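**Q** Here the protein sequences line up with chains A and B, keeping their order. Take the first sequence: its letter number 134 is residue 134 in this note's numbering, and every next letter is one higher. Take the second sequence: its letter number 59 is residue 59 in this note's numbering, and every next letter is one higher.
Think of the hints as simulated: they come from the structure by calculation, not from any bench. Nothing here was measured: the structure is a model prediction, and the numbers come from that model. Worth double-checking, as some hints may not be accurate.
[To be verified] Below, in silico cross-link-like pairs of lysine-lysine (DSBU-like), each with a Cα-Cα straight-line distance of 35 Å or less:
1) K21/A / K257/B
2) K108/A / K185/B
3) K131/A / K185/B
4) K63/B / K257/B
5) K257/B / K168/A
6) K212/A / K185/B
7) K108/A / K21/A
8) K257/B / K154/A
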Amino acid sequence: MANVTLRNVRKAYPNGFEAIKGVDVDVADGQFCVLVGPSGCGKSTLLRMVAGLETISSGEIDIGGRVVNQVEPADRDIAMVFQNYALYPHMSVYNNMAYGLRNRGMPKPEIETRVQEAARILELGTMLDRKPGQLSGGQRQRVAMGRAIVRQPKVFLFDEPLSNLDAKLRIAMRVEIRKLQRRLNTTSIYVTHDQLEAMTLADILVVMNGGKVEQVGNPLAIYEKPATTFVASFIGAPPMNLMSTRADEIKSQLGSADAGILGIRPEDFVITDQTPAGGVALALTVEAIERVGAETFVYGTRAQDEQRIAANPGELPPGEVIVRIPGSEAPPIGQKIRVAAVRQKLHLFSDDGRTRIEA
Amino acid sequence: MENRAIFSGRLLACLLVFPQLAISLIFFYWPAAQALWQSFLVQDAFGLSTEFVWFENYVTLLKTPEYYHAIGTTFFFSLLVVFFSLAIGLLLAVMANRNIAGVQIYRTFLIIPYAVAPAVASVLFIFMFQPGLGMIARALQRNGIDWNPVLNGNHAMILIVIVAVWNQISYNFLFFLAGLQSIPKSVIEAAAIDGARPARRFWTIVFPLLSPTTFFLIVVNITYAFFNTLGIIDTATEGGPNGSTSTLVYKVFLDGKAGSDLGGSAAQSVILMIIVIGLTAIQFRYVEKKVHY
């Protein structure tokens, strides 16, 4: 049991590339912290720095009140689950889990108890004699989890542990990991590029981009009040619609706002001819329809040419707007529609997208 | 997934297989068959008459005490060469697999000795170990060791083992390095987090995962020590002093070429062939089972 604190942590490589540009994160005891961001944003590097697999250029990493910058990975009292599981291929499932305990000189009966207990929790009881090569992806994943939990470490570190699994298994394992973490109440740091995984797992969500933290907080709070356009378009699927407020159609409705960028989530639109007071209405031509059963996504283009704004990953092309409507009823392709969002659902950002402006 | 190439015509398939088959036939099966045939023949000293004598060459051979001595020498020599060339090759590979400055340069230099022909390597070492002239020999003598491979059989054996090992280290180094680099980094990291110190990590994780490479190299190195060291022995010691470094392959050469006993030499080479085939078969049968792929 421990809290993890990162204070102005930086990582620079000898070639001058700065992978982590000063990160401050505070994970309280027993919390599940998720680091999320696009590939190359430094989230895995940061996790590996917490694990001790990467050196820290400056700043401090504190685990349970002890600065661990110079501490070997083995002595940080952490356990890590790797993306490729990193099981020892020549050892049985039992030995994979027992290895870390033997290295620490634990007496045999206690190793036996702990491994059996982990195997029971993870339903690996019948597979203890098998080699990793004889297991399915999901089973290997569970062995990797087992190897982490037998040690009863202060902190669990997960490096995209579900990305090698198929979609169904990923959802099942996601729930398993959350349940397990709740039960063991062990502080966890979890890296993923999947925003859905991030939203569902996190107590505390850290959105990273380009080696920096964009926003830290409760996942729903981040969803409701993204601090930057990057967070706005990264968190949520499909992404938030972002448009320039300089276009005539919007300018006339918003009035003279300081904001340069307007964001509206797809689900906050309704198809209507009315314009709610203080809200924004857009004229769209329906280009494509995606029906997924419970909901339907309408892809429309704006009448006016949209002024191009800073392109972020996951962001829509200029002029395109996604509208989410419940059910499977949808306007036909090619039809002109009007969609509107109420004032409270508008997100306003500065011109560079770096600052949120409260309306 | 179907991993087989399908050829439309038989001709193309045959053409593609032909070069490999031709090489095996011309350079292995043909001489092997010749040797087998040769081993049943006795020729007079001037090569005027040849007589078919069945197993007489073998019988004579197995009655010669020097032959048994050569078998012992060969096994002793091979054991030393295989052990040291593998151990040193592995040690260097582990060293050169670390993230250190200039690692590419070290790797290149560690591979170079393989480009030196065995006989040339042998000459280099003869110079260095030449009693009275060689720098290493003189250093040994200064330290009270009466180093003389020309007279002392043990010294001669040490000399050829050093040359043979030195010549083979690069090959083993290269394969071990490739083997080390194919071990996923995350497995090593997992072991580090699991509290295994470097030495323990090596023996419990790295070494077992290298076993396919090690097994392959043991087979190759035994063959090397049995056959390819002929040039080294011939240049360094000529099998002496008093036959103390005369291995089986060197005796084949000596009796056939210098002694002109073609039948006896052929019989020896057939026996040598059987020994190596037998050893390799044993390795595949028993050792390979313990190898983790």
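**Q** Now tell me if each hint is right for this structure.
**A** Evaluated hints:
1. K21/A / K257/B: Not OK: K21/A and K257/B at ~74 Å, beyond 35 Å, violated.
2. K108/A / K185/B: Satisfied, since the Cα-Cα distance of roughly 29 Å is no more than 35 Å.
3. K131/A / K185/B: Holds, at roughly 19 Å.
4. K63/B / K257/B: holds (21 Å)
5. K257/B / K168/A: violated (73 Å)
6. K212/A / K185/B: holds (26 Å)
7. K108/A / K21/A: violated (45 Å)
8. K257/B / K154/A: violated (74 Å)
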